[in-house]
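When you get a sec, could you build the whole thing from the sequences and use the hints?
These protein sequence lines map, in sequence, to chains U and B.
Following our numbering from start to finish, the first sequence increments by one per residue and tops out at 347.
Following our numbering from start to finish, the second sequence increments by one per residue and tops out at 514.
Since no wrong hints were added, every one of them can be taken at face value.
Sample of chain U residues at the chain B side, in silico, Cβ under 7 Å:
1) P87
2) V128
3) Y132
4) A135
5) G138
6) I141
7) V145
8) S164
Treat the hints as calculated values from the structure; they're not laboratory data.
Glycine included, each C-beta is placed from N, C-alpha and C at the ideal position.
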Amino acid sequence: MTPELLSLSNNWPLFLGTMILKILVVFVVVILMVAYATWLERKLIGHMQTRLGPMRTGWHGLLQPIADGLKLFFKEDIIPAQASKVPFILAPMMICIPAFITMAVVPFGPDLVINNFIIPQQITDLNVGILYVLAMAGLGIYGIVLAGWASNCKYSLLGGIRSSAQMISYELAAALSIISIFMLSETLSLRKIVELQMEPLWGVFSFLPNWYVFTQPLAFVLFVVTSLAEINRTPFDLPEAESELVSGFCTEYSSMKYALFFMAEYANMIVVSALIATLFLGGWSGPFPGFINILIKIVGFVMFFMWIRATYPRVRYDQLMFMGWKVFLPLALANIVVTGLVVVLLQ
Amino acid sequence: MELLFFYLVALVAVLSGILVITCKSPINSAISLVMTFFCLAIFYVMLHAPFMAAIQIMVYAGAIIVLIIFVIMLLNLGTAVQARTSHCIAWGSVVGALMMLLAMTFLKGGETTTVQGEITKEVVAQVGHTELIGQAMFTNFLLPFEIASILLLVAIVGAVVLTKREV
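Here you go:
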């Protein structure tokens with residue numbers, strides 16, 4: 001008897017059980033990674049600037065995220081009197097949720113076979129996986145825009161307007177840069193994209209995997225830069241530019257609501273790293289057991305983003321718009337045309 | 348189970364649809380509209396059209412409403428003043444009742460007909476919804492597709508020309 005894909009119809013208790021387990025594991029791992037990404041960032045940037053970073057709480061400051069979390073949790077939650085209440089409370093949730101649910105389509109290991117049922121190590125294998133990722137990335141804007149508007153404060157409003165302009169511009173280039181990936185893979189499912197990347201490079205070189213970073217280097221660079229802009233990290237952190245906007249869209253937020261913005265930033269960073277690893281660097285394939293490979297790739301990219309933060313100054317607003325519309329968008333379009341030509345010629 | 352889920356989503360869709368027109372602040376209306384689009388996307392998924400669902404969220408929730416909110420923020424619209432609206436409500440309910448009657452006659456109270464097209468649930472499951480749409484769009488409907496894209500291009504160029512007079 002060949003194993004079949006576990007679904008709600010052929011064994012619902014096992015399906016529900018594994019589903020809940022998978023969701024719990026992914027959620028807890030992402031939350032822990034978010035907490036320790038803050039520690040890692042402070043440590044890394046500290047050492048890059050020849051400081052020590054957090055040292056006091058626990059061994060080398062390892063308990064710092066917990067202490068910070070507790071502190072934020074017990075702070076007074078202030079809602080400004082002039083703020084619009086509903087959007088003000090909704091905004092932190094609306095920025096957090098898209099960040100976390102994007103992880104649902106990221107595969108983190110090979111299929112398991114239990115009792116003749118195939119259980120994919122992925123919460124759900126959507127056949128429109130990439131489109132789902134893009135759709136969720138588009139929803140992330142709401143949190144920032146609403147936070148900026150609802151706070152009824154000029155710094156927040158400026159931050160919100162900047163971020164909506166920035167994210168709309170860069171979303172286009174990010175989406176166009178990964179179109180060339182599914183022109184090659186001919187599927188939108190992230191699981192199949194990872195499987196395709198395990199074959200030898202271009203079917204010729206057996207010592208290298210068929211990672212799309214080798215076939216699509218331009219798309220890779222474009223996607224890394226544009227997603228950096230989409231998640232508002234330095235050098236594109238204009239929505240919360242401290243030196244001019246205090247703290248941008250989250251100026252008026254305090255306590256756990258502020259912590260949610262903070263978490264969303266790091267969760268976004270982890271999600272984007274996971275997507276880059278899945279789309280361009282072979283996902284969970286590699287020398288170690290599945291999930292360790294993708295964790296290494298994710299942590300690698302997170303550290304790369306932190307390194308960028310320690311290195312580059314913030315870009316100016318007109319430079320940002322110039323790069324988005326006049327450099328990245330045409331390059332992504334040109335990449336699609338060239339990829340299309342090559343695909344047609346090779347057929 | 349699926350029916351229960353449908354009713355739940357339908358309830359949310361109708362409620363958020365009502366909120367769109369009753370909210371005083373335009374931003375709250377826009378958020379409710381996003382919610383309605385989300386419910387529509389869920390309906391598409393339940394109708395075995397995941398591609399439509401993803402596009403619905405990407406285009407409507409992810410782009411159009413963001414632009415609407417952007418405009419509301421830039422214009423800094425206040426909350427709506429209470430105007431006398433009783434005659435509007437009356438006309439609206441008449442039109443709504445007529446449309447519901449029309450929809451009900453077409454649906455015949457939820458009866459399924461025996462008419463079946465080429466593309467059934469099985470075909471969608473086998474070939475894939477995205478592939479089917481792609482095939483239809485780039486073979487039979489290539490000309491309408493190109494005309495639509497040229498129209499959009501004209502609209503974009505027009506918008507740029509109108510806003511930036513001296514280039």
